[in-house]
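Turn these sequences into a full structure, and let the hints steer you where they fit.
Number of protein chains: 2
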Amino acid sequence: MKKKVFIDQKPLQCPSQLRAIHDTMDILSGKWKITIIGCLSFGDKRFMDLMREVKGIGSKMLSKELQELEINGLISRTVQPTKPVTVEYALTTYGETLRPILWEMADWGQHHRIKVKATFSGEVGSG
Amino acid sequence: MKKKVFIDQKPLQCPSQLRAIHDTMDILSGKWKITIIGCLSFGDKRFMDLMREVKGIGSKMLSKELQELEINGLISRTVQPTKPVTVEYALTTYGETLRPILWEMADWGQHHRIKVKATFSGEVGSG
DNA sequence: CGGAATCCTGCCGGATACTG
DNA sequence: CAGTATCCGGCAGGATTCCG
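Note that the protein sequences, when read in sequence, are chains A and B. Quick note: the first sequence uses my numbering, first residue 152, plus one each step. Quick note: the second sequence uses my numbering, first residue 152, plus one each step.
In case anyone wonders, no lab produced these hints; they're calculated from the structure. Remember, predicted model here, so these are calculated numbers, not experimental data. Just so you know, nobody snuck in bad clues.
Just so you know, same-sequence chains aren't split out, so a pair can sit in one copy or run between any two.
Derived lysine-lysine pairs resembling DSS-like cross-links, with alpha carbons at most 25 Å apart:
(1) K182 x K215
(2) K266 x K215
(3) K182 x K206
(4) K215 x K268
(5) K211 x K234
(6) K211 x K184
(7) K184 x K206
This is the structure:
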């Protein structure tokens, strides 16, 4: 009977751990959320700024993603009483707590891309 | 001009970092992948075992998710030449490299759940 | 400028039936 | 046991239009 137990750490406790991971995944899921958070990590942005920087997103999606991020407290929305009305979005302190996760994911993803490339090269070379 | 720069670390580098994060998200996305990985973190499992343990998943989805996980090298699939044929799925060493990510996500998710609960309590209490 | 409303589409994922 | 094939509904997400 082999027990891997995830290296030598505890395995994922099915009931609560897994649910927590799914919660995080749900919050981060959506085609643009990561990108938006990334953009806001550089500083505050207005709606229009995000439209330009995210590039490819539509106003509906941007609005929706922004709302979901705000509901979860990851970003803040501030309406400026200027003339045509401007709105500033900013990453909250709470939103910054995602940094460890995002960093791990970026790290793993880059590593993975290298691995995949190596795998393909090997197959092509030997095939 | 306020630059938050994500605490005092570098912000997410748009081109490569973001793409890497999305790669990771894609690999982990899907309603059952996390759960399957969690199950396999306890040890090897057969198809039928996973059907029972994941609970709620159908054979089509399980098969599909398993294939995707295998393609990415996260799990291994071993056919045993027994009588009615049995297949063993196991988390690979590479799959275990996801542990830091999953752990961070579990941690954050649990923290978040507590925060959300506190927020609701506060609103209910003061409203 | 910053959205909301509407319409339309693909694919994600579920149920069921069939195969080897 | 371990899948595959097929059909089907729902929702994520895109394009367009309209509003304050």
